[in-house]
Structures are given as C-alpha cells and as structure tokens.
Amino acid sequence: MPIDFNAIFEQLKNGVIGLAKTTLSNYVNDAKTDAQNMLNAMKEKLQRWTSLLIDKSLTTEDFEWLVNSQKDLVEMACLKEAGLAAIRIDQFKASVMNLVVDTIFSMVKI
Amino acid sequence: MFRKPTAYLTAILFSTFLLFSQCRTISGFDQYAYTQGTALKVDAMNIMDKATKPYASQQAGIEDVTTRIEKAYEYEKHRPQNLFTVKMWEIVKNPDRNLFGGFIKRWKEKDTLSTAFINEAKIQVGEAFDMIVELESKKIKYNDSKVTSFLSTNQ
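Protein sequences, first through last, are from chains A and B.
This note's numbering numbers the first residue of the first sequence as 1 and each following residue consecutively.
This note's numbering numbers the first residue of the second sequence as 1 and each following residue consecutively.
You may find that some hints are simply not true.
Said to hold, decoys possible - In silico DSSO-like pairs for lysine-lysine, Cα to Cα no more than 27 Å straight-line: (1) Lys71(A) <-> Lys110(B); (2) Lys53(B) <-> Lys87(B); (3) Lys141(B) <-> Lys32(A); (4) Lys77(B) <-> Lys53(B); (5) Lys87(B) <-> Lys93(A); (6) Lys71(A) <-> Lys122(B); (7) Lys77(B) <-> Lys45(A); (8) Lys93(B) <-> Lys45(A); (9) Lys122(B) <-> Lys56(A).
Keep in mind the hints are simulated off the structure, nothing from the lab.
This one's a predicted model, so the numbers in the text were calculated from it and none came from an experiment.
Please take these sequences and the hints and turn them into a complete structure.
In structure tokens:
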C-alpha cells in the first residue's frame with residue numbers, strides 16, 4: 001500500500017503546533033489563578049493574625065513565626081509551580097508521542 | 001534501507017517512543033508517595049493538636065511522626081527527576097524554617113503552645129503538605145501500552 005509521507009508529516013506538524021499553543025495557554029492561566037488565590041489567602045491570614053495579636057491571643061513571637069511560615073509557603077508554592085511546569089513539558093512530550101502514533105495509525109490503517 | 005513501509009513507520013514510532021520515554025523532565029506519579037503525603041499530613045495535624053501539653057509528655061508520638069517524615073523524605077530523594085518534591089520536603093521538615101520542623105522545635109523550646117497559635121500554625125503546615133500532595137497528584141500516570149503493542153506486532 002503506498003504511503004503519503006508528506007500528508008503524514010503535514011498533519012503531524014499542524015497537530016504539534018496546536019498542542020504547543022493549548023499546553024502553554026492552559027499553564028499560564030493555571031499559574032495566574034494559583035498566584036491570585038495565594039495572595040487573597042495571605043491577605044486574610046495577615047488580617048486574622050493582626051486581630052489575634054491585638055486581643056493578645058497571639059504573642060509577638062507567635063505572630064513573627066506565622067509571618068515567616070508564610071514566607072516558607074511562598075517558597076513552597078514556587079517549587080510547586082516549577083514542578084507543574086515540568087509536568088506540562090512532559091505532558092506535551094507524551095501528547096506529541098500519542099499524536100505520532102494516532103496519526104500514523106489513522107493514515108496507514110494497520 | 002527498509003523493505004516495507006510498515007518497517008519505516010515502526011522505526012519512526014520506536015524512535016519517538018525512545019526519545020520521549022528517556023528524557024522525562026520530572027518523575028511520574030507514584031501512588032506510594034501520594035499515600036505517604038496524605039497520611040503524614042493527618043499525623044502531623046494530630047500531633048500538633050497536642051502541643052498544649054508539655055513536650056516531654058508527647059515525645060514518643062512526636063518522634064514517631066518525625067521519623068516517618070524522614071523515611072518519606074529518603075524515599076523521595078531516591079526517586080529520579082524528583083528535585084522539586086525533595087526541596088519541598090526539606091522546607092517542611094527543617095527545624096530552622098517555620099513549618100512542621102520549626103513548629104516541633106518551638107514546642108520543645110516553649111514546652112507548651114497556645115491553642116490560638118496551634119490552630120494558625122496547623123493551617124500553614126497543612127497547606128505545605130497539600131502542596132506536596134497536589135504536585136504528586138498532577139504527575140503523569142505513564143501508560144505506553146499503545147506503542148508497545150504496535151511495536152510488538154510489527155517487528
């Protein structure tokens with residue numbers, strides 16, 4: 001059976017471009033949402049800790065410890081985002097592999 | 001070079017499979033690591049609740065949790081391409097930072113801690129564990145069955 005390699009590669013090229021666009025745009029949207037959620041949560045915590053400090057439920061030392069714990073959480077969030085970005089890269093690679101397999105299967109009908 | 005078109009396609013598929021399976025950027029999903037992360041979060045929250053009592057009276061329970069966290073960390077350290085998770089565990093367990101390790105250090109220094117402080121610290125430490133677990137849960141569950149079946153039937 002003759003195989004049209006040009007058609008296969010053209011279909012693969014279009015598929016890979018589409019995948020790259022979707023992967024990147026989804027990742028940017030997710031990262032923005034995560035950052036915004038973290039900022040909102042941080043604001044609420046700082047307000048609550050300040051109230052607890054004023055009514056002496058927390059000591060100054062407690063308050064400082066909690067503020068520093070928030071710094072550690074921000075560092076954790078950066079590591080998590082970096083990990084998620086790495087996962088996206090691997091998902092992209094896996095999608096390319098599936099695209100190659102599916103395209104060849106569909107055009108060659110093995 | 002190739003006697004039939006399917007041999008050529010098999011070569012393309014085999015190369016693609018090799019290329020993408022050999023150069024992963026981050027480790028794949030690991031059920032054991034995920035289960036450990038969720039279980040340790042519950043244990044850490046439970047022991048933190050007891051910080052209104054003197055440190056010495058809870059020492060056995062504290063050591064049990066910290067030892068299990070060390071074991072989980074060792075497991076993560078030996079998984080390939082797992083740098084981000086390892087760094088996250090290092091922050092959580094470090095006594096000189098302000099998450100679980102730092103909480104235990106503070107408990108030891110002060111002997112008892114206030115309920116208000118414990119409640120707020122639990123939120124912080126809980127979020128840290130959640131981040132580790134969330135990252136693990138989003139890792140890829142690899143399944144190469146389609147490619148391996150194609151390769152085995154076209155050799």
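Verification of the hints:
A distance of roughly 22 Å separates the Cα atoms of lysine 71(A) and lysine 110(B); the hinted pair therefore holds under the 27 Å criterion. The hinted pair formed by lysine 53(B) and lysine 87(B) fails the criterion: a straight-line CA distance of about 31 Å is larger than 27 Å. With a CA separation close to 25 Å, the supplied pair lysine 141(B) and lysine 32(A) stays within the 27 Å bound. For the hint pairing lysine 77(B) with lysine 53(B), the CA-to-CA distance comes to about 34 Å; that exceeds 27 Å, so the pair is violated.
A C-alpha spacing of about 25 Å is found between lysine 87(B) and lysine 93(A), which places the hinted pair at or below 27 Å, so the restraint holds. Of the pairs offered as hints, the one joining lysine 71(A) and lysine 122(B) holds, with about 15 Å between alpha carbons and a cut-off of 27 Å not exceeded. Between lysine 77(B) and lysine 45(A) the CA atoms are separated by roughly 32 Å; this puts the pair beyond 27 Å, and the hint is violated. Between lysine 93(B) and lysine 45(A) the alpha-carbon distance is near 22 Å, which keeps this suggested pair within the 27 Å criterion.
For a cut-off of 27 Å, the pair hint linking lysine 122(B) to lysine 56(A) stands: about 19 Å separates their Cα positions.
Comparing the model with each earlier hint shows violations of hints 2, 4 and 7; every other hint is respected.
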